[in-house]
Amino acid sequence: MKGNPVNLLVKLTRPERQRAGNPARKSYVHWFWLLPALVFIIVFLVYPVVDTFRLSFMNSDSTAYVGVDNYVHAFTNKTTQDALLNNVLWLLLFTLLAVGLGVLLAVLTGRVRYESTAKAFIFVPMAISFVAAAVIWRFVYSFRPEGFEQIGLLNAAGTNLGLPPVAWLVEQKIAYTGQLLPVPLHTNNFALVAVGVWMWTGFAMVILSAGLKGIPTEVIEAARVDGASEWQVFWRVILPILSPTIAVVATTLIIQALKTFDIVWVMTAGNYGTDVVATQMYKEMFNFRDFGLAGALAVILLLAILPIIMVNIRRFRVQESER
Amino acid sequence: MKRVEAQATPGSSGFRIALKKLASRSPLHIAVVVIALLWMTPAFGLLVSSFRPPTEVASTGWWTAFQTPFQFTLDNYDAVLSQAGMARSFLNSLIVSIPGTVIPILVASFAAFAFAWMKFRGRDVLFMFVVALLVVPIQMTLIPVLRLLADIRLVGTFPGIWLAHTAYGLPFAIFLLRNFFAVLPKELLESAYLDGASNMRVFFRLILPLSVPAIASLTIFQFLWVWNDLLVALVYLQDPSKAPMTVTINNLVSSFGTQWQLLTAAAFISMALPLVLFFALQRYFVEGITTGAVKG
Amino acid sequence: MAEVRFENVTKRFGDTIAVNNLSLEIPDKEFLVLVGPSGCGKSTALRLLSGLEELTEGNIYIGGRLVNNIPSKDRDIAMVFQSYALYPHMSVYDNMAFGLSLRKVPKAVIDRRVREAAGILGIEDLLKRKPRQLSGGQRQRVALGRAIVREPAAFLLDEPLSNLDAKLRVQTRAELSKLHQRLSTTFIYVTHDQIEAMTMASRIAVLDKGVLQQVGTPQELYDKPSNLFVAGFIGSPAMNFFEVIVAGNQDELKLDSGSFQLPVPPEKAALLVPYLGQKIILGIRPEDIHTREYLPSGIASSAVVPAKVDVTELMGNELFLYLVSGKHQFLARVDPRTRTVPGQDVELVFTMANLYAFHPESGKVISD
Numbered sequence: 001m002k003g004n005p006v007n008l009l010v011k012l013t014r015p016e017r018q019r020a021g022n023p024a025r026k027s028y029v030h031w032f033w034l035l036p037a038l039v040f041i042i043v044f045l046v047y048p049v050v051d052t053f054r055l056s057f058m059n060s061d062s063t064a065y066v067g068v069d070n071y072v073h074a075f076t077n078k079t080t081q082d083a084l085l086n087n088v089l090w091l092l093l094f095t096l097l098a099v100g101l102g103v104l105l106a107v108l109t110g111r112v113r114y115e116s117t118a119k120a121f122i123f124v125p126m127a128i129s130f131v132a133a134a135v136i137w138r139f140v141y142s143f144r145p146e147g148f149e150q151i152g153l154l155n156a157a158g159t160n161l162g163l164p165p166v167a168w169l170v171e172q173k174i175a176y177t178g179q180l181l182p183v184p185l186h187t188n189n190f191a192l193v194a195v196g197v198w199m200w201t202g203f204a205m206v207i208l209s210a211g212l213k214g215i216p217t218e219v220i221e222a223a224r225v226d227g228a229s230e231w232q233v234f235w236r237v238i239l240p241i242l243s244p245t246i247a248v249v250a251t252t253l254i255i256q257a258l259k260t261f262d263i264v265w266v267m268t269a270g271n272y273g274t275d276v277v278a279t280q281m282y283k284e285m286f287n288f289r290d291f292g293l294a295g296a297l298a299v300i301l302l303l304a305i306l307p308i309i310m311v312n313i314r315r316f317r318v319q320e321s322e323r
Numbered sequence: 001m002k003r004v005e006a007q008a009t010p011g012s013s014g015f016r017i018a019l020k021k022l023a024s025r026s027p028l029h030i031a032v033v034v035i036a037l038l039w040m041t042p043a044f045g046l047l048v049s050s051f052r053p054p055t056e057v058a059s060t061g062w063w064t065a066f067q068t069p070f071q072f073t074l075d076n077y078d079a080v081l082s083q084a085g086m087a088r089s090f091l092n093s094l095i096v097s098i099p100g101t102v103i104p105i106l107v108a109s110f111a112a113f114a115f116a117w118m119k120f121r122g123r124d125v126l127f128m129f130v131v132a133l134l135v136v137p138i139q140m141t142l143i144p145v146l147r148l149l150a151d152i153r154l155v156g157t158f159p160g161i162w163l164a165h166t167a168y169g170l171p172f173a174i175f176l177l178r179n180f181f182a183v184l185p186k187e188l189l190e191s192a193y194l195d196g197a198s199n200m201r202v203f204f205r206l207i208l209p210l211s212v213p214a215i216a217s218l219t220i221f222q223f224l225w226v227w228n229d230l231l232v233a234l235v236y237l238q239d240p241s242k243a244p245m246t247v248t249i250n251n252l253v254s255s256f257g258t259q260w261q262l263l264t265a266a267a268f269i270s271m272a273l274p275l276v277l278f279f280a281l282q283r284y285f286v287e288g289i290t291t292g293a294v295k296g
Numbered sequence: 001m002a003e004v005r006f007e008n009v010t011k012r013f014g015d016t017i018a019v020n021n022l023s024l025e026i027p028d029k030e031f032l033v034l035v036g037p038s039g040c041g042k043s044t045a046l047r048l049l050s051g052l053e054e055l056t057e058g059n060i061y062i063g064g065r066l067v068n069n070i071p072s073k074d075r076d077i078a079m080v081f082q083s084y085a086l087y088p089h090m091s092v093y094d095n096m097a098f099g100l101s102l103r104k105v106p107k108a109v110i111d112r113r114v115r116e117a118a119g120i121l122g123i124e125d126l127l128k129r130k131p132r133q134l135s136g137g138q139r140q141r142v143a144l145g146r147a148i149v150r151e152p153a154a155f156l157l158d159e160p161l162s163n164l165d166a167k168l169r170v171q172t173r174a175e176l177s178k179l180h181q182r183l184s185t186t187f188i189y190v191t192h193d194q195i196e197a198m199t200m201a202s203r204i205a206v207l208d209k210g211v212l213q214q215v216g217t218p219q220e221l222y223d224k225p226s227n228l229f230v231a232g233f234i235g236s237p238a239m240n241f242f243e244v245i246v247a248g249n250q251d252e253l254k255l256d257s258g259s260f261q262l263p264v265p266p267e268k269a270a271l272l273v274p275y276l277g278q279k280i281i282l283g284i285r286p287e288d289i290h291t292r293e294y295l296p297s298g299i300a301s302s303a304v305v306p307a308k309v310d311v312t313e314l315m316g317n318e319l320f321l322y323l324v325s326g327k328h329q330f331l332a333r334v335d336p337r338t339r340t341v342p343g344q345d346v347e348l349v350f351t352m353a354n355l356y357a358f359h360p361e362s363g364k365v366i367s368d
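Protein chains in written order, with our numbering: chain A, 1 to 323; chain B, 1 to 296; chain C, 1 to 368.
Bear in mind the hints are in silico, worked out from the structure with no lab data behind them. Just so you know, these numbers come straight off a predicted model, no measurement behind them. Glycine included, every Cβ here is placed at the ideal spot set by N, Cα and C.
Label pairs and their computed distance ranges (CB to CB):
#1 A:L303 to B:F70: 52 to 58 Å
#2 A:A64 to B:D151: 19 to 25 Å
#3 A:L104 to B:M128: 31 to 37 Å
#4 A:V311 to B:F72: 51 to 57 Å
#5 A:S243 to C:V170: 35 to 41 Å
#6 A:Y28 to B:I152: 27 to 33 Å
#7 C:D94 to A:R315: 18 to 24 Å
#8 A:S243 to B:P185: 28 to 34 Å
#9 C:S135 to B:D195: 37 to 43 Å
#10 A:L35 to B:L210: 21 to 27 Å
#11 B:T41 to A:V39: 44 to 50 Å
#12 A:F75 to B:D151: 30 to 36 Å
#13 B:L106 to C:L168: 48 to 54 Å
#14 A:L185 to B:K186: 54 to 60 Å
Given the sequences, and given the hints that come with them, work out the whole structure.
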């Protein structure tokens, strides 16, 4: 029987057998179960993080230490600054839109009988790869100069309304107005964020919908009897009760926004002012072969995400203690 | 003072009320239907384009394809499968994804069992640490892991990428499975131990069979994640003959302009499997992400 | 004026009729209890009144105003739900203040009313707590407080005691009655427990399968039930029913049950003479059945029924005997000094002066 040699090994390595679920006696059997996972994690996740950290303090081919030069460079260099600002834009816009739409759709679909079909339609983009999504949206954003027939959905609709065609993926000025702002509120950034929203709103919607269903109907009815209009029921009862769920969704989305790579890489390769920290890092690593700078960028990314996780963990502990 | 008129025929007032209800709720229905359709439109556009000849794709929008003369063709799929090596890529995707799903789930379930049912010092701290690793951007691990794989000569090999995907998938898998294992009935396990079962037996004969829904969810998640991945494949699996579909499409995209029609077919083929999986197993997919995300 | 009126109200859910042509008038300040078994439509009727359900036919008036198309929030009613339905994210104070704050009532007024209500209910110390920190009984008081603060035209209560443990339930029953007297407002109360109905109501409305069976004071319903259903529902333990044939002749009427015969007292004879030779249903309350041994004085000993004891239940001050006679099973509340054991044969005396007779098909009571 398959278990026997393993059991033997396990018996040999510690004095008493600890049974799962029984009060702990000094034993090491859990290590057997944990070890494979821990090995993978240490080798592929922990060690690299530590090592990247180390590399970030070294020069481009990792032969000498350069202190915090890479970090200084990262924060003073215009390209990196722009990338950071783009990440901030992603963070705010992507999260707000996905959460907002998610809440709206969760509420709307919850009131119709064909709820699951409608939800499925909106959730589908999560199943496809970013690359496929990039191809799909390349079509939507397709641009032909003025006077030519538009083959992209957006520009076709736009020209039908009398508006000039816009090169959505390239344009840095605000669409249709021709303004260029000092901050990277570029049209093409919005175009990319839209793709992200298209993919992740389904995720937000599904989780928020489950949260919504967890609110007892009688509480909503009590609010109605108490005198609340539908609008007041939403803002003063539903949303507050939903806020822990919203926090969970928002956290996940913020982390996604900070880690964004695929959408930007496939659609614009970070050009035309759409670069984000992740794509920049990739370029430093593979094109410019500057491992020091690439490492610094990666560390910056991690440091940006860390506070969010701390908040999450703290909230998790509070919730567990309340249970 | 309004009075509801007494109806001669029972049920007819019910019909009137139903009609009134429909009218007042039609904004809702319109909103939902329009949004759902709009959401599918981009993907739908792609599907239509994939059946159009290259000249059409390059010059007119896909919506015009529904006017006569109809010019649908299967050429794109044919070309993509035979010439652009898509069939090979599909196979590669399978070769990467299947072990890349099975191994992490196996390893994670072992660890999750320990976290859920064994008491040892530092258990909760270690668990939180593992879950915290969810935030590590993969980019942070690329350089060191690449070097490591190079040192043991696994760059550009399938086993190399299997190991990588296993590690990357572990935090989420352990999180999901541990939460599920933890709420299995304690009495069931205790009576098994009283009967003399070993940990191994309990694991394979009790825990796993009882956890099928969670494992199903996780399988779908992990499979889709690996299937749709681009970055990890780009970095660790540099051999072009081993490229999965995401990489192949990425290459096609970079070769701007001329290959659009191939691109549409290629993208759609890569989407086919996930879409089928998704629609068939929607419930597990959805259940998977809501477990643990929504606190009661 | 806060009287409530149902006028031919019907509610259909698809093919099921939940409330069937209900007409009921509830004068101001009354404590009306809607009682009946599960699924009888009492909760639906309450929800129609509150506006949480839309009626299919008929009219509802609150304070003389037709409210069919008026939304819940404008009907000037307050509701206490079975599950209390407190707002989990708000403190007790905010829970109670919510309705008033929606109507832009000045803060000072809100504060006064909330504290007043909290005082009445004894929850002043809990004002800062959240619902999840409260016990079931405390939450129920908060739900009541939330309703009181609104000073509505009518209070609607949907089985508010069913989630409390038995002891708390008895205590709260008395408190609710006192509250009703103090607030002097219409209470419309739904329950499946006829004891709650009997102890608290000024009037009871009994429903079964969506149809109003009878409405009246507790005493009226107990003494003069209008049909089999009400007779069997009101009173605990329930009335015994026997299928009997009216036998004998005009001067000497008897009720033949197959295993025993009962003489019909002269005051009831006139009622039953028309049914000579026919089947009727005889109703006798358990407290109207005595053992021969401990027959109270003043009761005729003519209606003797031999039976075998099946189960005995001693409640301390009461003794219940489950008896079998032929194909009839019935329950008697006898003198607690009676000594019997299961299997023993005893002789019971029926107080025929308190008999009830019902039509076998319609269930309607046979009365003058």
